[in-house]
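S.K.: Heads up: the protein sequence lines correspond to chains A and B, in order.
Number 83 in my numbering belongs to position 83 of the first sequence; there are no gaps in the numbering.
Number 45 in my numbering belongs to position 45 of the second sequence; there are no gaps in the numbering.
These are computed hints drawn from the structure, not numbers from a lab.
Glycine included, C-beta positions come from ideal geometry on N, C-alpha and C.
Among the hints, a few may not be true.
[Stated by the list, open to error] The calculated label-pair distances, taken between Cβ atoms and stated as ranges, are: (1) A133(B) / E122(A): 54 to 60 Å; (2) L28(B) / A43(A): 48 to 54 Å; (3) K29(B) / K56(A): 23 to 29 Å; (4) L82(A) / G178(B): 28 to 34 Å.
[To be verified] Simulated coverage check for chain B against chain A, where a stretch passes if three residues somewhere in it have a Cβ under 8 Å from a Cβ of chain A: (5) 155-167; (6) 177-189.
2 protein chains.
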Amino acid sequence: MPKGIPLTEEEQAKRRHEIVDQVVNVFLKKGFQETSMREIAEAAGLGKSTLYDYFKTKDEILLYFFENQIGNLTEAAQKIALQSIPADERLRQVMKIHLEYLQANKSLFMKLSLEAQRLKLESQKQIQRGRHAYQDLIRGLIEEGVREGAFRKVDPLLAARMLINTLVPVVYTSRPTGTTQEMMEETMDIFLKGLQVC
Amino acid sequence: MPKGIPLTEEEQAKRRHEIVDQVVNVFLKKGFQETSMREIAEAAGLGKSTLYDYFKTKDEILLYFFENQIGNLTEAAQKIALQSIPADERLRQVMKIHLEYLQANKSLFMKLSLEAQRLKLESQKQIQRGRHAYQDLIRGLIEEGVREGAFRKVDPLLAARMLINTLVPVVYTSRPTGTTQEMMEETMDIFLKGLQVC
DNA sequence: TCAGTATAGCGAATAGCGGTCGCTTTGCCA
DNA sequence: TGGCAAAGCGACCGCTATTCGCTATACTGA
Numbered sequence: 001m002p003k004g005i006p007l008t009e010e011e012q013a014k015r016r017h018e019i020v021d022q023v024v025n026v027f028l029k030k031g032f033q034e035t036s037m038r039e040i041a042e043a044a045g046l047g048k049s050t051l052y053d054y055f056k057t058k059d060e061i062l063l064y065f066f067e068n069q070i071g072n073l074t075e076a077a078q079k080i081a082l083q084s085i086p087a088d089e090r091l092r093q094v095m096k097i098h099l100e101y102l103q104a105n106k107s108l109f110m111k112l113s114l115e116a117q118r119l120k121l122e123s124q125k126q127i128q129r130g131r132h133a134y135q136d137l138i139r140g141l142i143e144e145g146v147r148e149g150a151f152r153k154v155d156p157l158l159a160a161r162m163l164i165n166t167l168v169p170v171v172y173t174s175r176p177t178g179t180t181q182e183m184m185e186e187t188m189d190i191f192l193k194g195l196q197v198c
Numbered sequence: 001m002p003k004g005i006p007l008t009e010e011e012q013a014k015r016r017h018e019i020v021d022q023v024v025n026v027f028l029k030k031g032f033q034e035t036s037m038r039e040i041a042e043a044a045g046l047g048k049s050t051l052y053d054y055f056k057t058k059d060e061i062l063l064y065f066f067e068n069q070i071g072n073l074t075e076a077a078q079k080i081a082l083q084s085i086p087a088d089e090r091l092r093q094v095m096k097i098h099l100e101y102l103q104a105n106k107s108l109f110m111k112l113s114l115e116a117q118r119l120k121l122e123s124q125k126q127i128q129r130g131r132h133a134y135q136d137l138i139r140g141l142i143e144e145g146v147r148e149g150a151f152r153k154v155d156p157l158l159a160a161r162m163l164i165n166t167l168v169p170v171v172y173t174s175r176p177t178g179t180t181q182e183m184m185e186e187t188m189d190i191f192l193k194g195l196q197v198c
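Let the hints inform the model, and build the full structure from the sequences given.
M.R.: Laid out in structure tokens, this is it:
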């Protein structure tokens, strides 16, 4: 980057994005905690202190990454939520892309989603906001299902959280009992059957 | 401790236990990562380097704690598993003590179980062994339920993992929708209904 | 009885971390 | 063309986990 030319806010944002893009692979190999700011700076082709011009702290780098990921997922899920098919079918589809998302970033998420929990409280709140938006989307689908009469009356937010959490062991188990596809289908079967009016 | 007197293996183990006991409260207040070895040593009434005579690394302290916790939980669950009542009722009871366990150590677990994921691979494997033992116990209960005809035929290990993971959001949500008791009961209802032959 | 030895325990030193500071380099603009 | 704001950087700071060499101690065997 040329010196002397002030960056517009947009350019700064783009630069941040580029930096994270270039650095993600290092996180993948070593994990976030184990990657030093010096290494991050090297991977980004920057001096260490220049990095601090774009991210105030190391945590902020992780925060930036997560906001992006959750945002992207929510966006994709929103499109599915708008389709005019039964709510349970939409739920299945959302969970399918959720799973694909997890799988695509598997080792990255495995390492990073856990480290995210150790961020400063304020940063956590910010991630939480994104997470809640996603939870609320799932909740909405469950509420619709209840209204449609497909699901029995359950606490929709609790069910949403439950559903989201059931995906974790599908992807991250060390003792898989089938393909990820199969495991997810059975998981969804159990969950949706648990919601059905019987 | 007097110097010069070699400690038997038992005494060493007891000493480790004592150290962790005295230090847990500090972790509770500050979190593991945020507690320095100097502080841990102080809390244990030891010199910093003496601590290293009992635990090779900082991580090992956390590891020791977790092995104990999972071990205790598994032991308690085993007692329940042996009772002669329907499998689904035993499942409910095991999950109840699991929840109590989580709640009793809530802030500790919230902070520590996540940090545990960042331990050295070898340490993780050791924790994993304990976790698997617990998973297998739950799996056994589900298998019994299937044999008894109370549950439909599902992958018992997958269901076990699913069940264990559904408890997480009950305890650790930032948006509770009722008392922990209530939330857990509804969670179990959904899960068990998902397993029922309908 | 008393040197020899093994070990509990410790303070100081080490390497490397996240983060800061003050300087240099650059290109725009008056 | 000279002044200036901003990009970028290397050296530095205080802290960390961990290691090392030493001391103090009590048991052992001659």
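S.K.: Would you mind marking each hint as holding or not holding in the structure?
M.R.: The hints, checked one at a time:
no., hint, result
1, A133(B) / E122(A): 54 to 60 Å, "violated (39 Å)"
2, L28(B) / A43(A): 48 to 54 Å, "violated (37 Å)"
3, K29(B) / K56(A): 23 to 29 Å, "holds (26 Å)"
4, L82(A) / G178(B): 28 to 34 Å, "holds (30 Å)"
5, 155-167, "holds (count 9)"
6, 177-189, "holds (count 6)"
Of the numbered hints given earlier, the model fails hints 1 and 2; all others are met.
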